[in-house]
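Novice: Residue-level listing of the chains:
Number of protein chains: 2
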Amino acid sequence: MNAPLDTAVDVKAYMHTMGRSARAAARALARSGTAAKDLALMSMAAAIRARSGELLAANRRDLEQARAGGEDAAFIDRLALDANSVEAMALGLEDIAALPDPVGAITGLQRRPSGIEVGRMRVPLGVIGIIYESRPNVTADAAGLCIKAGNACILRGGSEALASNQAIAQCVGAGLAAAGLPESAVQLVQTTERAAVGELISMPEYVDIIVPRGGKGLIERLARESRIPMIKHLEGVCHVYIDDAADPDMAVRIADNAKTQRYGTCNTMETLLVAAPVAAAVLPRIAAVYAAKGVEMRGDDAACRLIPGAKPASEDDWNAEYLAPIVAIRVVQGIDAAIEHIGKYGSQHTDAIVTQDEARAGRFLREVDSSSVLVNASTRFADGFEYGLGAEIGISTDKLHARGPVGLEGLTTQKFVVLGHGEVR
Amino acid sequence: MNAPLDTAVDVKAYMHTMGRSARAAARALARSGTAAKDLALMSMAAAIRARSGELLAANRRDLEQARAGGEDAAFIDRLALDANSVEAMALGLEDIAALPDPVGAITGLQRRPSGIEVGRMRVPLGVIGIIYESRPNVTADAAGLCIKAGNACILRGGSEALASNQAIAQCVGAGLAAAGLPESAVQLVQTTERAAVGELISMPEYVDIIVPRGGKGLIERLARESRIPMIKHLEGVCHVYIDDAADPDMAVRIADNAKTQRYGTCNTMETLLVAAPVAAAVLPRIAAVYAAKGVEMRGDDAACRLIPGAKPASEDDWNAEYLAPIVAIRVVQGIDAAIEHIGKYGSQHTDAIVTQDEARAGRFLREVDSSSVLVNASTRFADGFEYGLGAEIGISTDKLHARGPVGLEGLTTQKFVVLGHGEVR
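If you read the sequences in order, they're chains D and C.
Under this note's numbering, the first residue of the first sequence is numbered 1, with each subsequent residue one higher.
Under this note's numbering, the first residue of the second sequence is numbered 1001, with each subsequent residue one higher.
Note that these hints are calculated values from the structure, not bench results.
Even glycine gets a Cβ: it sits at the ideal position worked out from N, Cα and C.
Check the hints yourself; a few may be wrong.
Examples of chain C residues lying across from chain D (beta carbon under 8 Å, computed) [unchecked claim]: (1) M1121; (2) D1244; (3) Q1261; (4) T1265; (5) S1371; (6) V1373.
Here chain D stands alone, though its shape is the one from the complex:
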């Protein structure tokens, strides 16, 4: 494993040394075959299982410090590892090993009138910088995805998880070494100095892509300051629109699941839109479900008239990502008004329509400009595992490059390859 920050060395020099090592490791990794990468992943999993005692001991040290620092229960929950979550990390790495290697294939080869054959080859992005918060399992997941896609990475986890992350990174390094790959393919920023993040996003000569994971405020700040392109996730103000041609039972089931299956995830529905002609039939049923689960309802006038106990919604509610048992509810004239509402207030993350009308489903799919658009399914499906990507490094709300859940393919790029026979122009 790479060295921690020596107090005699400044942060900039420390980060630049990591950057240079990462660049060199990326070249080696881009050359390495699937077998070596998969062996590294399997060896990392084995090391994590073999050293689970050390991992948990390191995690206990982090937890003690966090409790002493007065962190709240939710924070402690995200930071804590146990035997199950350690095993889940090992299984996650084995799952990534089992995924097809995205790198190296040439596709779409076509002969041009000039005689040259032109195609595209999928290749690694290079060096990926990942900035995340307190969950230590990200260290193993992110390292695994980057390695499989042929990238080196520099990981900067939350300061509070440093001991846990160091212990996991030791296992990752052991796995790389067992496969004959450079250990500097995965490096951990081993300092809690905040300036390290500033350096990481300012070294385009060493880092090709930044993947920030965290709250909206952190990511907005990083996006403003970064000199390196990002694959990022800002927020999920997700909608379900119940059309007047919806199956009522399906509408109730989806509105329930999209809001209440988990409150804190980015693909949880925050605003429910209901077509006026069916509002009286479905809204009271949905409201009863929410009331039973303790979900606070904030509606427009029409919704409040149909829902006993609903509070009036303000303009802020249409923009809100609650991440909590609160839902905004609006009665709209029909699909045009629904699409307009989503275009105005949505975050282009994930939006769903419930309808039996195929033409309207088609319009919603085409005209709602979000990374995931669903027909007759819960917004909660917007997820790399549910989509079959095998794993995800995050969900992108950007439009360039990767949009929506980002798996191995999103950690690669394509170059043009030309096979000629001496052709000139």
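Given chain D, put chain C in place with the hints provided.
Specialist: Okay, now just chain C, sitting in the frame of chain D:
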């Protein structure tokens, strides 16, 4: 056509008004079908032909001002239109109309264990801001590509071409109107105030992507200041490596063409690398061709010993994008040294190997991390038309999203679509 800047309105308000109109037009364009978009393109071409007299008169006014302002012959050449270049603009728009519509198709639909079907739909990016210099034909080309891909655009051409660009934009607007599409789908920034560019790259609420076209200095500055993602082209320090397993005649032909077919293009070779075992056999032949064409040669010691009249190359020469009849020449040990040189000094644009050895060709393709990598063909082929993309908005040296020549597909993105039957998690 949109209005010019009124002196009573400030630049920020002017640009924001354009941005709002563009956002609304983008929604309409995303909904419009292939037939309407193609009719608009054909009508633009017809308008350009019908009004060619007005176009040329406007261009004469720009030329007079540019000459009076002391612009040099190369500048005047880029600015000037004639009957042929006007016809080429019209033909270019008709060619774009004939390309397949990239938008709307759902691909890769797969049923997941949960029951949902997941696929991807190709959709427009939204609003594209294009910043370019003095060539007026970019106004027609860029508008055509954006419209076909379903995007609205805001065009900011060089101040010196304003009258020409206004005349072309009138024709573009007439074509949009003839097809029933909003004229604000293509808007021209009609002020020479430099602050307009600053506003254009600072309105992420209205503009999704910036495509800057121009010199490296301009683009570096825009990239530093932009708050909006860019598809950009920095520089082309392109290489040809003549391997010791090269066919000597082919090597001479490709080294000649890659350097001399055109000197000022980004895919022109700037550095020639030659494997030591064949240097004595091929370098004098190549040097004779260059000498006959007046190409200045700057070599390392080994190259200078083989080339009469070659000057010694300095470290700067390996980094240089000459865009001129100058070539840097280096004798290297073999393919490893060639790949290392390209990794150290290249700009990840376009690099070629000449070899009859398939294993080395494969290594070069995989290990050279450039947007285009060629085997036995001239670097001059790295071009959207030569690659069969139909047309190009530029060549990207970025790694995210579009890499290499960017055609219609690069002006679109993909969203996930989910077809469900009431599934919940």
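Novice: If a hint holds in the structure, say so; if it doesn't, say that too.
Specialist: These are the hints, each one checked on the structure:
1. M1121: Holds. Min distance 7 Å.
2. D1244: violated (17 Å)
3. Q1261: With Cβ-Cβ at 5 Å, under 8 Å, it holds.
4. T1265: violated (10 Å)
5. S1371: It holds, given that the least Cβ distance between S1371(C) and chain D is near 6 Å, below 8 Å.
6. V1373: holds (6 Å)
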